[in-house]
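Asks: Sequence:
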Amino acid sequence: MDLERVDLTKTDIHQIVAEHFARCKETRALMQWRVIEAKLEPFSSCPEGFLAAHYALKVTVEVAIERTENLSFFVKCSPVDNPALACYLKEIRSFHKETHILKDIVTAIQQHCPWPLATLACLHAGSFVVEEKCGKPLPELYPNVLEENAWVTTPNSTRLKDVANVIQLYTELVQDSDVWDESHKKIILLQLPEHFRKIYSFTAPSKQFRNCLNHGDLWCNNLMFKCESNGKPTECILVDYQMSRYVPPAYDINLLLYLTTSRQMRNKQGDALLAHYYNCFSEMLHKNQLAAASILPSDIFLASCEHYRLAGLIHSTMISAEVTLPSVFLEEVFNCSDSTAGFMPEAKMKVCINAFRSNTTYRNHLLELMEELFSLIQIIK
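For the sequence shown, position 365 matches number 365 in the UniProt record's numbering, and the numbering has no gaps at all.
Note that these hints are calculated values from the structure, not bench results.
Heads up, some of the hints might be wrong.
Below are the DSBU-like pairs computed for lysine-lysine, each with C-alpha atoms no more than 35 angstroms apart in a straight line [what the hints assert, rightly or not]:
| no. | residue 1 | residue 2 |
| --- | --- | --- |
| 1 | K186 | K350 |
| 2 | K350 | K198 |
| 3 | K350 | K185 |
Note that this is a predicted model, so its numbers are computed, not measured.
Throw the hints in and build the complete structure from the sequences for me.
Replies: Structure (structure tokens):
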């Protein structure tokens, strides 16, 4: 693909390579190099995300006489071949948010981390470190950057229509299921809209618990792992900050657990996973001369996790219909521009319903989330 179509200039390529060599210990001493060739290729045969176009930037660099290196970079850009999606991304200002978060906030946090952000705990703790060092909350340090752009109630906005469509989608999925009898279905369908719309209050900064930078979109494709030759993970980084927000750490934690683990695993290992997170969180703060007990005491942390459990479950249920679609249905989505003009346009609803009816794994996953959500709603009422 032509680099100019995605606004990648020779200057951009030079800067990307220069920053790569500046970070790479093995090549840090290189004083001279020259870009021989740069080209864009599809990142994968199947779309890897919903809110951008994704490519692999392949660069051939001459680093010595008769010696070259082939470099590969991940490229995320506005979808030039999909005007409907590009218009939607412009409306929700997702690239504006992600660009500023990566350039400003994450860069500031990384100054207080001894390694690139390896865990969610490091991101959250780093956020608190920046606030403590600067004496101001992030929204004051970086005005307008962390304003909510995903779950908004702006009249006539695409996202507002999307939530209405998600409610309609799950109404049809409940009606299509044989898990509940008709009397229970009526109760569920009466309560469903009210509880789904609680997402708006949950995504606002908390007045009860301390807030920090949250990633906000922790489905599996936004977690990248570096592994040894035997497949053992050695490092994890988070990508895609388009839906980041300023809420307590517990929001992200619950979202991650509900998007990436099974109900059985959460029931068996939930407490251990929270303990592991808090240990990592405490270590990160300690390395920066701060105490977790003063920033987020363990009892307050656990209380916030319980409070935001419903938030994580609502959020994960609402987006799982999209992000867990089997590849054959994803191809159908991306082959129709009407299916990408929002988070859940009507065209995508139809694809999700077809997948629910024909793919057992997809159906069982959504049913598991719905069963846990409806169970939790009854417990907390």
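Asks: Compare the structure with each hint and give your call.
Replies: Against the structure, the hints come out as follows:
1. K186 to K350: Holds, because 22 angstroms separates the two Cα atoms, which is no more than 35 angstroms.
2. K350 to K198: 25 angstroms, holds
3. K350 to K185: 21 angstroms, holds
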